[in-house]
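Same order as they appear, the protein sequences are chains A and Z.
Numbering of the first sequence is given in my numbering, commencing with residue 1 and proceeding in unit increments.
Numbering of the second sequence is given in my numbering, commencing with residue 1001 and proceeding in unit increments.
Hints in this document: simulated from the structure, not taken from any laboratory.
Backbone N, C-alpha and C fix where the C-beta goes; we use that ideal spot for every residue, glycine too.
Hints may be right or wrong, so weigh each one.
[To be verified] Simulated restraints on C-beta separations:
1. A:N148 with Z:A1265: 38 to 46 Å
2. A:K166 with Z:G1116: 35 to 43 Å
3. Z:R1250 with A:L120: 51 to 59 Å
4. Z:R1068 with A:S102: 32 to 40 Å
5. A:E252 with Z:V1088: 49 to 57 Å
6. A:T139 with Z:R1068: 54 to 62 Å
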Amino acid sequence: MNENSFIPAVVEMREATICTLRDSSLTVVENVNWSVSPAEFWVVAGQQQSGKSDLLMTAAGLLLPARGSCRVFGCETNAFGEAQLAERLRVGFVFAGGKLFSQLTVAENVALPLRYHQNLPVAELARVVEDLLEMLELTPFADTTPSNLSANWRQRAALARALILKPDLLLLDNPLGGLGARHRQWLLQFLDQLWHGHAWFGGQPLTLVAVTDDLRPWQHARRKFAVLHEKSFSVAGAWSDVASSASHAVKELLAEPAGATM
Amino acid sequence: MFSHTIFVFWPRCASPAERVRANNFDRTPAGHYAAGVRENLAKAFQLTNIQVFRHAAVPKSYTDRLGRKLFLALLTVQGLGAFALITVGVILKKFGAAHSVMQPRVRREINRAGVGLMPMFFFVALALGFLVIGQTVSALAKVGATEYLGSTMVIVIVRELGPLLTAMLVLARVGTANVIELGTARALGEVEALEALGIDPVHYLIVPRVIGMALGIFSLTIYLIIGALASGYLFAFLQNVPLTPGDYYRQIAEALNWLDFVLLALKTVAFGFFIAIVTCYHGLAQPLRLDDVSRVAVRAVTQGVVVCVLIDAVFIVLYLVT
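Start from the sequences, fold in the hints, and give me the full structure.
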């Protein structure tokens, strides 16, 4: 690749100060300087109430920084409007717990973004949804409403809903939270497949950002790590840097929770 | 993006970031006005809306309490006005957009606020006819004033009782469901999920309810009036009132004029629109927790009743003027 060629960052925050969604007067993270390049896999870790979800929502353009700037695919999130819908739809978001629409079935939840944004023929829509549900092993639950699903399958359905529009950036809010061991393992492997290039995206690698309160399951040499602690955002580097870090905050995030059994 | 339209109904001290957040709506003339009102009120009281509602101490003097009530009422009127304008804007701007999703939703709301209430309205029409019309017909016959029957029926049933009773029943049956459904969706984060998917929550959640309720109240009012007039005559007939069906309906037809039809349509559509706006505003535009939902539902129904009475008062003036 030409050294002078410029690859714009997928997400770029400059001196961004982030407040909570519920209370705009409460600052959770200050002076964030962060750049996510294409095909990177970032894991941002922080304790409960450290502002992880708010940071992620800011990166998605759902929350505006109180100060500083946030650009997504080169577009300032302050200016996000109808005209920037195409950029906005390049971002997929998986909420903690899924946040599926309770009155729709799993298949309807997954199909909704496609039905709303693309006027596909019914047969083609059904085929796309069926393929995606099968890929995520959700076919048996297609006609089930979210309230009748376990947390494991709700999370998968939320992932399917975020992938249906084939985004270029996937943001995941504590995706392993509350999952059983088998589902955790499956999800980590699936996210790695997406990162390296999955058939759903035509083999193109996907950019991923996940936030978590437990760093241990995310061990991977090529992933990048950042830590939120006491309102500050710091890039921790690769896993080797994280594992050898002397920071108390990082050690806490690597420690086994009290009372946990393996 | 779409969160900007939602958060604009959430008036607070306007920081620069929040002014940007309210950007979409604030670009319109109505938006400039609403933003100005919001900012001036916030500056004057140096309190956020949430703080006013939840944390402000109750003033000690009666005049301060009255002022606080007035301030809260102003904030509510301002919020409802902004919400109504945005909804109208979205209806006009996105008319026909995403029709494969929106058409079934609109049909569902029409069914819920109209067709689904038909059995209840059949019963209410019968009761209204027996209780009001039958007795009126009977009383007028006793004093030999049956020639005033038509105009009395038109004033009582067509202009006043029919539309208002329909609006109240739909408010109770569907309006409360709106607040609870939307409030729960908001508290569970489903609105943020819609925004994350690039779906405008006002378009997806509010527009079908507004259309459904406006058409539902309009249609139900027509059925209620027809049913009440028919059952009223039945009651009078059973009491041996000397009035033929032909005379009865001729009197009513003579008492009606074209303005009654126009104003009836406008009034019922206005009832439906504003009931939907009030209930959806309280369900969606306020930041809620699950335990807030029931309290907000009560407030929405109260305000819905007040709005209906105010609309009714406006139309009474229109009838009197014309």
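Consistency of the hints with the structure:
At about 44 Å, the beta-carbon gap between N148 of chain A and A1265 of chain Z stays in the expected band of 38 to 46 Å. Distance hint check: the CB atoms of K166 of chain A and G1116 of chain Z are about 39 Å apart, consistent with the given range 35 to 43 Å. At about 57 Å, the CB distance of R1250 of chain Z to L120 of chain A agrees with the hint of 51 to 59 Å. The supplied range of 32 to 40 Å is met by R1068 of chain Z and S102 of chain A, whose beta-carbon atoms lie about 37 Å from each other.
The beta-carbon spacing between E252 of chain A and V1088 of chain Z, approximately 52 Å, falls within the hinted interval of 49 to 57 Å. The hinted range of 54 to 62 Å is satisfied by T139 of chain A and R1068 of chain Z, whose Cβ atoms lie roughly 57 Å apart.
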